[in-house]
Amino acid sequence: MNCKYENEEYKKERKREHKRFSVVIDKTQVLYLFFQVTIAMKQDKFIPLFCVLLSIIESKNIVHPDCDYTQELEPEVNYHIYNPGYPNYYLGKHNCRWSVTSNTRIKLNCTVFNVPSNSNCSLDFMKIEVDDGIEYVLCGLNSFPVESLTSKMTIEFHSKRNTYGGKFQCDLKTIEEECRCGWTNPSRIVGGVETGINEYPMMAGIVNFEKSFFYCGATIITTQHVLTAAHCVVRYIKNFFILGVIVGKHNIWPDNDTKATQLYLIDDIIIHPNYKLKLNDLAVIKLQKRLEYSMRIGPACLPFYYMQQNFTGAVVTAVGWGRTNFYGVKSQVLRKVDLHVVSTKKCLKYHFLATPKQLCTFDMGKDACQFDSGGPILWQNPKSKRIFLLGVINYGRTCADEAPGVNLRVTSYLDFITRSTPGKVLKF
Numbered sequence: 013m014n015c016k017y018e019n020e021e022y023k024k025e026r027k028r029e030h031k032r033f034s035v036v037i038d039k040t041q042v043l044y045l046f047f048q049v050t051i052a053m054k055q056d057k058f059i060p061l062f063c064v065l066l067s068i069i070e071s072k073n074i075v076h077p078d079c080d081y082t083q084e085l086e087p088e089v090n091y092h093i094y095n096p097g098y099p100n101y102y103l104g105k106h107n108c109r110w111s112v113t114s115n116t117r118i119k120l121n122c123t124v125f126n127v128p129s130n131s132n133c134s135l136d137f138m139k140i141e142v143d144d145g146i147e148y149v150l151c152g153l154n155s156f157p158v159e160s161l162t163s164k165m166t167i168e169f170h171s172k173r174n175t176y177g178g179k180f181q182c183d184l185k186t187i188e189e190e191c192r193c194g195w196t197n198p199s200r201i202v203g204g205v206e207t208g209i210n211e212y213p214m215m216a217g218i219v220n221f222e223k224s225f226f227y228c229g230a231t232i233i234t235t236q237h238v239l240t241a242a243h244c245v246v247r248y249i250k251n252f253f254i255l256g257v258i259v260g261k262h263n264i265w266p267d268n269d270t271k272a273t274q275l276y277l278i279d280d281i282i283i284h285p286n287y288k289l290k291l292n293d294l295a296v297i298k299l300q301k302r303l304e305y306s307m308r309i310g311p312a313c314l315p316f317y318y319m320q321q322n323f324t325g326a327v328v329t330a331v332g333w334g335r336t337n338f339y340g341v342k343s344q345v346l347r348k349v350d351l352h353v354v355s356t357k358k359c360l361k362y363h364f365l366a367t368p369k370q371l372c373t374f375d376m377g378k379d380a381c382q383f384d385s386g387g388p389i390l391w392q393n394p395k396s397k398r399i400f401l402l403g404v405i406n407y408g409r410t411c412a413d414e415a416p417g418v419n420l421r422v423t424s425y426l427d428f429i430t431r432s433t434p435g436k437v438l439k440f
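Each number in this note's numbering comes from the position in the sequence shown (counting from 1) with 12 added on.
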């Protein structure tokens with residue numbers, strides 16, 4: 013998905029707001045913070061709303077506590093930061109910081125950046141922290157974009173007293189809604205295994221029209237594709253018209269739809285070419301129509317950043333409408349259960365076909381069960397709070413016994429997923 017181009021017309025149709033905050037230090041080394049907000053009206057006229065003036069004493073070597081600015085970024089709003097005295101060159105010693113947060117990832121684009129080049133950027137420099145422990149230290153003559161990995165970003169600017177001076181002007185904005193993935197809706201259910209209504213917007217179900225029932229789970233990964241287990245759909249390759257994909261559902265009974273419930277017909281089913289028995293058990297389903305994303309409907313993030321991690325010991329969540337026990341009936345409502353990822357070595361003690369391309373999960377008395385197949389094994393990044401699809405539920409020995417459940421490991425199949433969804437997958 014090329015979010016930049018898809019959003020151009022959308023941006024033009026909406027009113028734009030522009031916010032800017034700047035730092036100016038005069039000859040007496042008193043710091044003034046100007047925070048001016050302007051709103052673009054239909055006539056393209058700008059009306060100043062307010063201007064705040066603060067005076068602060070400059071610090072010598074570290075960021076002064078009163079030169080430490082924070083801002084919560086709002087969607088569809090542009091924020092501008094620039095050097096003291098801009099558009100003129102800054103002079104003298106400066107130590108300032110901007111800390112910004114949002115509900116999504118953040119993009120910084122410096123269209124003007126001319127900070128004196130020096131060895132290792134040890135004199136004048138800008139430092140950008142995009143995640144805990146991940147920083148860029150920049151100086152010289154550049155024009156560049158930087159994107160955060162989480163929903164926060166910190167920008168620092170430092171210059172020496174005897175500097176030759178320079179200037180910069182940067183834009184800050186949230187990454188557009190269409191570029192997002194992995195959000196959840198807070199659940200009000202405490203202490204239970206039933207999910208909140210539309211708590212997991214990426215959840216989908218496969219329904220058989222002839223038998224009128226849910227029989228497998230699936231996960232939204234693009235506006236036109238869901239991911240499921242191959243064994244859920246391989247028998248329907250030649251007559252997939254009897255299947256449908258439901259999104260936004262919580263209670264499986266027909267008269268218990270949510271406001272987000274939608275049924276989509278299937279355009280194509282792509283089975284992994286090496287699917288056999290319990291190996292490579294993965295399929296991509298293409299829908300006839302595009303999904304309409306909302307807070308209740310949206311994709312899981314795919315784990316491109318985590319291809320080298322095995323996640324052993326991590327807590328993940330299985331979600332589905334499957335049976336509540338091996339001999340029980342299917343759940344009427346969507347349920348979830350937290351499980352721990354266990355090593356392939358431990359898994360092999362119970363499942364001789366288990367391979368590193370699979371993700372085994374276990375907690376005594378907890379498990380996925382029949383009719384959960386094809387559904388997601390989800391992991392929430394503790395920093396960004398995004399939900400990543402780590403596994404696709406495949407099989408188990410029974411349900412909630414001493415043997416781990418076996419799931420397809422999504423990081424091992426990202427090439428297949430990318431080939432099957434050309435130009436659609438978000439690489440978070």
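It should be emphasised that the hints constitute simulated quantities derived from the structure, not laboratory data. C-beta: ideal position from N, C-alpha, C; glycine also. Be aware that a few hints might be false.
[As the list claims (entries may be wrong)] Distance windows between CB atoms, simulated: (1) Phe225 / Lys290: 45 to 53 Å; (2) Leu277 / Thr430: 18 to 26 Å; (3) Ser306 / Lys358: 52 to 60 Å; (4) Lys271 / Asn251: 26 to 34 Å.
[To be verified] List time: in silico DSBU-like cross-link candidates among lysine-lysine, alpha-carbon distance up to 35 Å: (5) Lys397 / Lys348; (6) Lys348 / Lys358; (7) Lys298 / Lys288; (8) Lys395 / Lys298.
Now for the hints, and whether the structure bears them out:
| no. | hint | in the structure |
| --- | --- | --- |
| 1 | Phe225 / Lys290: 45 to 53 Å | violated (24 Å) |
| 2 | Leu277 / Thr430: 18 to 26 Å | holds (24 Å) |
| 3 | Ser306 / Lys358: 52 to 60 Å | violated (40 Å) |
| 4 | Lys271 / Asn251: 26 to 34 Å | holds (32 Å) |
| 5 | Lys397 / Lys348 | holds (17 Å) |
| 6 | Lys348 / Lys358 | holds (24 Å) |
| 7 | Lys298 / Lys288 | holds (21 Å) |
| 8 | Lys395 / Lys298 | holds (32 Å) |
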